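Residue numbers (the numbering used here): 1 to 188.
FYI, nobody ran anything at the bench for these hints, they're computed from the structure. What you are looking at is a predicted structure, and each value in this text was computed from that prediction instead of being measured. Treat the hints with care, as some may be off.
[What the hints assert, rightly or not] Here are the simulated distance ranges between beta carbons:
| hint | residue 1 | residue 2 | range |
| --- | --- | --- | --- |
| 1 | E172 | I16 | 50 to 58 Å |
| 2 | G29 | E176 | 53 to 61 Å |
| 3 | T49 | E22 | 18 to 26 Å |
| 4 | E90 | D67 | 15 to 23 Å |
| 5 | L96 | G171 | 28 to 36 Å |
Note that the Cβ used here is the ideal one computed from N, Cα and C, for glycine as well.
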Amino acid sequence: MREILHIQRGQCGNKIGAKFWEVVCAEHGIDPTSGGRFVPRAVLMDLETGTMDSIRSGPIGHIFRPDNFVFGQSGAGNNWAKGHYIEGAELMDSVLDVVRKEAENCDCLQADPRHGRYLTASAMFRDPTTGLKMASTFIANSTSIQEMFRHVSEQFTAMFRRKVFLHWYTGEGMDEEEYDEEEAEYEE
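Taking the hints into account, I'd like the entire structure generated from these sequences.
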């Protein structure tokens, strides 16, 4: 049997992922309040606890493994650089440990690895004729996402070198030296 490892990130990704698992439970007649036998291989991550707390206390919160919730404490406060270089970077080891643990527990992980990265992900909501009021399909290719993040990183680096908008970040308590250190780690 093929298996998927579902990774949810950020407020939007976690809300979409929670709805995905809610629909899957409804389609297969699984009672999400009972927990137990059916546990999704899902990793939920965010920089703050708010979204995680709402999922955990929501109608499907009992189906997820408590160890698979990875979150920070302070959030990024809508500051992309702080979230990317500082808060998010601090969580990466924890996230990768959880993802590695879940992947190692799979018998037949479904994906197409290239250069150590998984290229595709998909989530499908079924036909509305099953009694559900929605139907959609989501397919993503991480190589195109990787290119987008590379472009954003290059643009940020160019802006940082010219010290554009730097006062916004230093006003939040960040030092200029932190950017140089984090950028060097990011490039590794």
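Going down the list of hints, with the structure as the test:
1. Checked against the hint of 50 to 58 Å, the pair E172 and I16 fails, with Cβ atoms roughly 28 Å apart.
2. Between G29 and E176, the C-beta spacing of about 56 Å keeps the proposed range 53 to 61 Å intact.
3. Range check, T49 to E22: about 21 Å between beta-carbon atoms, so the 18 to 26 Å window is met.
4. The hinted range of 15 to 23 Å is satisfied by E90 and D67, whose Cβ atoms lie roughly 18 Å apart.
5. Judged by the Cβ atoms, the range 28 to 36 Å given for L96 and G171 holds: they are separated by roughly 32 Å.
The earlier numbered hint that this structure contradicts is number 1, and it is the only one.
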